[in-house]
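Make a model of the complete structure from these sequences and hints.
So the protein sequences, as listed, match chains E and R.
Under this note's numbering, residues 589 to 855 are what the first sequence spells out, in order.
Under this note's numbering, residues 3 to 432 are what the second sequence spells out, in order.
Because the hints were derived from the structure by calculation, they are not lab data.
Quick reminder that beta carbons are idealized off the backbone N, C-alpha and C, glycines included.
Honestly, I wouldn't trust all of these hints.
Computed beta-carbon distance windows for the label pairs [unchecked claim]:
#	chain 1	residue 1	chain 2	residue 2	range
1	R	190	E	708	22 to 30 Å
2	R	184	E	724	45 to 53 Å
3	R	421	E	717	35 to 43 Å
Residues of chain R placed beyond 12 Å of chain E at every Cβ, according to the derived structure [to be verified]:
#	residue
4	97
5	146
6	174
7	180
8	309
If you only want the chain R side, here are some residues facing chain E, beta carbon under 7 Å, derived [said to hold, decoys possible]:
#	residue
9	82
10	297
11	298
12	299
13	301
14	302
15	307
16	308
17	365
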Amino acid sequence: MAESPSHPKRGTPHIEARNLTMAFGSFVLMRDLNFVVRHGDIFIIMGGSGCGKSTLLRHMIGLLEPAAGEILYDGENFTKARPEQREMMLRRFGVLYQSGALWSSMTLAENVGLPLEEFTDLSREDIREVASLKLALVGLKGFEDFYPSQISGGMQKRAGLARAMALDPEVLFFDEPSAGLDPISSRLLDDLILELRDSLGATIVVVTHELASIFTIGNNSVFLDAQSRTMIAHGDPHELLAHCDNPVVHRFLTRGEDGEKVSRPHG
Amino acid sequence: MRPLRSGLESRLEKLCFNLRRMRVFRHPVEPFACRRYGMLTRNAFIAPMATSIHIAAPPGVTLTRSADTLTLHLSGEWSMRHKGAATARTLSSLDAPPKPRRIEFESSDLGEWDTSLLTFFERVLDHCRTRGIEVDRSGLPPGVQRLLELAEAVPEKKDARAAAARESFLTRIGNATIEALRSFDEFLDFFGRVTIAFWRLLRGKARFRTSDLMIEIQDCGANALGIVTLISYLVGIILAFMGAVQLQQFGAQIYVADLVSIGVTRDMGAMMTAIIMAGRTGAAFAAALGTMKVTQEIDALATMGISPLEFLVLPRVLALVLMMPLLCLYSDFVAILGGTTIGVGMLGINFTVFVHEAAYATTMTNVLGGLFKGTVYGALIAIAGCLRGFQCGDSSSAVGDAATQSVVMSVVLIVCACGLFAVIFNILGI
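Structure (structure tokens):
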């Protein structure tokens, strides 16, 4: 992928997980996660259903606290940050939730405008203008005064993306972006993700198990394995496909189509 | 066709014909019905009926033994609509001596089949497995063989069932007690966090939208007036009526005015309003926040660096705390009006006299005490509602649970607080 000179930080470490352990009470979901995401990466969190992909994302954005280990952003410790410090770091994040998670009592413009209202000194008109622009970026021009319940699921997802981009975040998190979308919408969303990375220079973290998406957009990844309860691969998904010896990873990336018949696991 | 028919048969024929015209017969007919009417039709009108009735043969199994092999002949239509009487009979005859070593199937007479046939085989296979009887499946229809293979492809997970084991009675009591204590603990914790948020609000640091506060105020203030009016008026009537029956015996009807005005301003007004608001607004808070939790809207606020506690809980608590004293005052007024209706209408007391007596009995201390109680109840309801909403699980049924629990928790807290106030007011001599 072409290196763009306008983003000088590109390629330097951005997000780092050190010995991260995720647990619910005494039940350990994943342990010893160590990975580095560079600036400008599109980082894929992949793995089978129910192995803790979304949970890892929720740890990375501070909705859940790790049982052990820590997460760093630009070398700054996020896990151990004081509340005010953490709030400052959170403002550099944008998150697109699985269902969009738009605030249902507000119009789309208000949804996109709320973070601006809270964290900037922009006037009411300016906020409205920025919100319209962000909505236009995701193809929702003219839908400013619609409520989330009045638009389709795909549109809600795009509106959620507009809101996630409201504060021009440095990191964008996507939780299963293609879930519930038809193949074409899903493809368009992939294109949009690539476009955002190239134009905003943002680092992007995506939870997905869509192989098409993984290979179209991803240039870095981590593979979580439910059986061994840890990560079993880390790196560019294309290289993992070509070189990774681990049979679980290989079977996942090839849909189990080469090799012997796939046996169905539990769960 | 036979020329002669008995009178009974011809009447039954007419009945069947009419039933058919009325579309009582549907496809396929129950085997019970088929057998009944099949007997009739064989003699009388098989030709006209056959075109419209699909006669399903009942499922059946016949067993033949040869040496140590048992062959199961399957026949008829196996549908889940039929009762599985054949299963139990077959299983018991498998055990009848002489014990077979091998089982075969013969399915050439088998009609349509569905899952009922599979469950039958599952039971037979299970039965044979435990008794060490060999099973030859080659006689089964190919579809059944494939489905059975599919069902057996993944072995049963051993610990999956053990997890659902029943707990003993004492364990459940213990767990419930721990749960109740924990829930009170959570309430205190949440109460503390709301207090801190209020402190931030007073220092001008808290963030929420004034428009949200206004919407909540309208919803739990103005929109609640109707139900508060109705209930308060009826409570006033009930209080007055109960008092009147007793006081009339002494000729002291006029004290109904005192009874109603003191009772209502001191306790009942605040109490009834609080219970109405717990059912109406507290549950609504829990359901609204619970749904926001399910749709990840609360997470979205949190990751945006906006405190959900300030943004969602503060306006709700504030609105209810501001509106409760007003609603209580209104409720006091309406309840006394209800009492007046009884006093004037039933006891025949002069309106002016009644009002004068009620006004004389109403003291500022009682009214303010009642309003204070109401305000505290309002805070309890709002906090309980928001807490249960925040704790809501990730499913739609959890939202319903959250609403229920918020009402239960509010009512318990209101009654406890009421008792506590009675003791404190008594000690203070109010």
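Report task. Run the structure past the numbered hints and jot down the numbers of the failing ones, going up. Result -> Hints 1, 3, 8, 9, 17 are the ones this structure does not satisfy, whereas the remaining hints hold.
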